[in-house]
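Letter by letter, the chains look like this.
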Amino acid sequence: MSLTNFVWAFVVGGLLCAAAQLVVDVTRLTPAHTMVLFVSLGAAFSALGLYEPLTQLAGAGATIPLPSFGHALVQGALEGARREGFLGLVAGGLEATALPLTAAIGFGYLMAVVFSPRG
Amino acid sequence: MTGTAVRERPAAGTTESGRVPAPRRVGRYTMALPSRPPVAAVATVSGPMEGRGPLGHGIDHVHQDRTLGQPSWELAESRLLVDAAQRCCRKAGLELDQVDVLLAGDLLNQIISSSFAARDLDLPYVGLFGACSTFALAVGLAAVLVDGGYAATALAAVSSHHDSAERQFRYPVEFGAQRPPTAQWTATGAAAVLVGGPARKARVRITHVTLGRVVDMGIKDPYNMGGAMAWVAADTIRRHFQDTGRDFGDYDLVATGDLAAVGHPMAAELLREAGYEPGDRFADCGLLLYDRRRQDVHAGGSGCACSGIVFGAGFYPDLYEGRLRRLLLVSTGSLHNKMTWEQGQSIPTVAHAVAFEHAGEEASP
Amino acid sequence: MRADAAASRDYAGRLRRHQPRPPILRNVLAAFLVGGLICVVGQAVLGWFMSGGMTPKDAAAPTAAVMVIAGALLTGLGLYDELARFAGMGSALPITGFANSIVAPALEAKREGYVLGVGAQLFTIAGPVIVYGVLAALAAAALRYGLVGP
Numbered sequence: 004m005s006l007t008n009f010v011w012a013f014v015v016g017g018l019l020c021a022a023a024q025l026v027v028d029v030t031r032l033t034p035a036h037t038m039v040l041f042v043s044l045g046a047a048f049s050a051l052g053l054y055e056p057l058t059q060l061a062g063a064g065a066t067i068p069l070p071s072f073g074h075a076l077v078q079g080a081l082e083g084a085r086r087e088g089f090l091g092l093v094a095g096g097l098e099a100t101a102l103p104l105t106a107a108i109g110f111g112y113l114m115a116v117v118f119s120p121r122g
Numbered sequence: 026m027t028g029t030a031v032r033e034r035p036a037a038g039t040t041e042s043g044r045v046p047a048p049r050r051v052g053r054y055t056m057a058l059p060s061r062p063p064v065a066a067v068a069t070v071s072g073p074m075e076g077r078g079p080l081g082h083g084i085d086h087v088h089q090d091r092t093l094g095q096p097s098w099e100l101a102e103s104r105l106l107v108d109a110a111q112r113c114c115r116k117a118g119l120e121l122d123q124v125d126v127l128l129a130g131d132l133l134n135q136i137i138s139s140s141f142a143a144r145d146l147d148l149p150y151v152g153l154f155g156a157c158s159t160f161a162l163a164v165g166l167a168a169v170l171v172d173g174g175y176a177a178t179a180l181a182a183v184s185s186h187h188d189s190a191e192r193q194f195r196y197p198v199e200f201g202a203q204r205p206p207t208a209q210w211t212a213t214g215a216a217a218v219l220v221g222g223p224a225r226k227a228r229v230r231i232t233h234v235t236l237g238r239v240v241d242m243g244i245k246d247p248y249n250m251g252g253a254m255a256w257v258a259a260d261t262i263r264r265h266f267q268d269t270g271r272d273f274g275d276y277d278l279v280a281t282g283d284l285a286a287v288g289h290p291m292a293a294e295l296l297r298e299a300g301y302e303p304g305d306r307f308a309d310c311g312l313l314l315y316d317r318r319r320q321d322v323h324a325g326g327s328g329c330a331c332s333g334i335v336f337g338a339g340f341y342p343d344l345y346e347g348r349l350r351r352l353l354l355v356s357t358g359s360l361h362n363k364m365t366w367e368q369g370q371s372i373p374t375v376a377h378a379v380a381f382e383h384a385g386e387e388a389s390p
Numbered sequence: 013m014r015a016d017a018a019a020s021r022d023y024a025g026r027l028r029r030h031q032p033r034p035p036i037l038r039n040v041l042a043a044f045l046v047g048g049l050i051c052v053v054g055q056a057v058l059g060w061f062m063s064g065g066m067t068p069k070d071a072a073a074p075t076a077a078v079m080v081i082a083g084a085l086l087t088g089l090g091l092y093d094e095l096a097r098f099a100g101m102g103s104a105l106p107i108t109g110f111a112n113s114i115v116a117p118a119l120e121a122k123r124e125g126y127v128l129g130v131g132a133q134l135f136t137i138a139g140p141v142i143v144y145g146v147l148a149a150l151a152a153a154a155l156r157y158g159l160v161g162p
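Residue numbers (my numbering), protein chains in the order written: chain A, 4 to 122; chain B, 26 to 390; chain C, 13 to 162.
Any given hint might turn out to be false.
What the hints assert, rightly or not - Which chain C residues face chain A? A few, computed with CB under 7 Å, are given here:
{"#": "1", "residue": "Pro34"}
{"#": "2", "residue": "Leu37"}
{"#": "3", "residue": "Gly47"}
{"#": "4", "residue": "Gly54"}
{"#": "5", "residue": "Val80"}
{"#": "6", "residue": "Ala84"}
{"#": "7", "residue": "Phe98"}
{"#": "8", "residue": "Gly102"}
{"#": "9", "residue": "Ala104"}
{"#": "10", "residue": "Leu105"}
{"#": "11", "residue": "Ile114"}
{"#": "12", "residue": "Leu134"}
{"#": "13", "residue": "Ala148"}
{"#": "14", "residue": "Arg156"}
{"#": "15", "residue": "Leu159"}
Since the hints were derived computationally from the structure, they do not count as laboratory data. Beta carbons: idealized from backbone N, C-alpha and C, even for Gly.
Only chain A is shown next, with the shape it has when bound in the complex:
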């Protein structure tokens, strides 16, 4: 892993976030709508074969922002389809994203038990 990897991660990750901010400020979509939009766009770009090259270029810069969730779902579905056909297509997406989703539920719950809102 070289400095170049970090630079690309910074630039691509930053640009994705900047684009989302632009959407919020210009269209006045709520952040929730924007997040939904970006996840869906990630899925679309993934199916078009455009997101995978981005992850190869930027590493975490492409896999940490939310569109990668759509990407991971699509890639998982396609991989499932290769293995088991149609049923794999349906199940593969959530299989591929099970780790971060379960981490989110588990830690979300744990945090709620441990902490109280501070305001």
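Chain A is fixed; fit chains B and C onto it per the hints.
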């Protein structure tokens, strides 16, 4: 509507239109209070942020802990209300059981903070909802009850809490959402005004109450409530002027509730277009509660407690000392909820006005 | 009173004249900086997993999980919303923001109990992201599967 019913049984004093004139009503919207009920005491409490604002020194008690040691924001808010009510009675030298009626309101669903507070205060209770306009509404109705002889002392109290309001109207408090520059900051605090009591000591009196109508200008952005309410604020002020024959020249100050940086200049513009020149006698509580350069409140303050705290900590001492001789307080309310906003409905707005007067000299003729 | 169409158009125009525009350049720059930095941290985590012999593809999911945990922890400590005030979508779009959107309602809903509160509220904000993510991915993958094959 009910017009026919009135015509069927014409009462003494019925006018041609069939309406019975109310003797204490002036114009269409305003009640004149001939006994000019005195304000016996005012008390305010707040959270830490309001305490650091420009009026912090005038707030009776600044709670540094926004939870007030309570397990939820909702209970914390109702403690604020109880605290303000108790302090107000103490300042007036009254026991709580000497208060005839409590009029209270807040922003939460089913005005739950007020109901919880009323449960503790144990007084005859009227719960009011006028969103952020509730302060003027409660004080105005308290004055009407005292003026009519239905209460010797009436306690008007309101509360709001930043975190309980965020939670109900916007997002959970720990959610990372950026607010647009038109957003306002819901004040954490409560204000209580005791109307009535021994009249000879009174240095501040209430002379008029103008109840506003609900106006919907079609604005749908809940992050721009000041802008949505500017029209109705100007409307209520205009109605008050028309009804009473007064204008800005008759008041040292006309203060709107929480129009803030977007709405207040709009209201001034609307009044100017209607032929009333606000000059430097037009202020807004939402712009006075915080120091917008130092405090990250975007367009300014809001919430029931906003006009309440600014009145109690800022205007009332000035009225008491005679530095302000006449004040028109116009609390403004944005009557939407999260569900109707999500359903795409526009925001109904309302504003109520109460006229206060310094009465220092009359007390010693 | 309800303003008619003409009056409300008129009023909306007046409102637009008075309302400040969001400081777009500042917001976009802040989002770029913070979003970029969060990804740099993610890249370091990714590198750590890869130094253990994982391929970049295999390391992506555990990296996401670590970032989720970090975002959840910062939310619990009451720090993430402070960051978001400055960063906007810069802190919302990375998966740490996704974690924030799960922990924030869960924290607050604790007072309403662990089933009807935490359990029901956990996905109030993140729910739409998962629902539309899954639906969009299913549609996109099916389309690709049908047209191009797996």
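Each hint tested on the structure:
1. Using the Cβ-Cβ criterion of 7 Å, the hint placing proline 34 (chain C) at the interface with chain A is satisfied: the shortest such distance is roughly 5 Å.
2. The criterion of a C-beta within 7 Å of any C-beta in chain A is not met by leucine 37 (chain C), whose closest approach is roughly 10 Å, and the hint is violated.
3. Nearest Cβ of chain A to the Cβ of glycine 47 (chain C): about 3 Å, under the 7 Å cut. The hint holds.
4. The interface hint given for glycine 54 (chain C) holds, since its Cβ lies 3 Å from the closest Cβ of chain A, which is under the 7 Å cut-off.
5. Look at valine 80 (chain C): its Cβ gets to within about 5 Å of chain A, closer than 7 Å, so that hint holds up.
6. At about 4 Å, the closest approach between the beta carbon of alanine 84 (chain C) and any beta carbon in chain A falls short of 7 Å, and the interface hint on this residue holds.
7. Evaluation of the phenylalanine 98 (chain C) hint against chain A yields a violated restraint, the C-beta minimum of about 12 Å exceeding 7 Å.
8. The beta carbon of glycine 102 (chain C) is positioned within 7 Å of a beta carbon in chain A (closest approach about 4 Å), and the interface hint is therefore held.
9. Interface restraint check: alanine 104 (chain C) against chain A, minimum CB-CB distance 5 Å, threshold 7 Å, status holds.
10. Interface hint at leucine 105 (chain C): satisfied, since its Cβ lies 5 Å from the closest Cβ of chain A, which is below the 7 Å cut-off.
11. Taking 7 Å as the C-beta contact cut-off toward chain A, the hint placing isoleucine 114 (chain C) at the interface holds, the least distance being around 4 Å.
12. For leucine 134 (chain C), the interface hint holds, the least distance from its beta-carbon to any beta-carbon of chain A being 6 Å, beneath 7 Å.
13. The interface hint given for alanine 148 (chain C) holds, since its Cβ lies 4 Å from the closest Cβ of chain A, which is under the 7 Å cut-off.
14. Hint on arginine 156 (chain C) holds. Least Cβ distance to chain A is approximately 4 Å, under the 7 Å limit.
15. This hint is violated: leucine 159 (chain C) has a C-beta 9 Å from the nearest C-beta of chain A, more than the 7 Å allowed.
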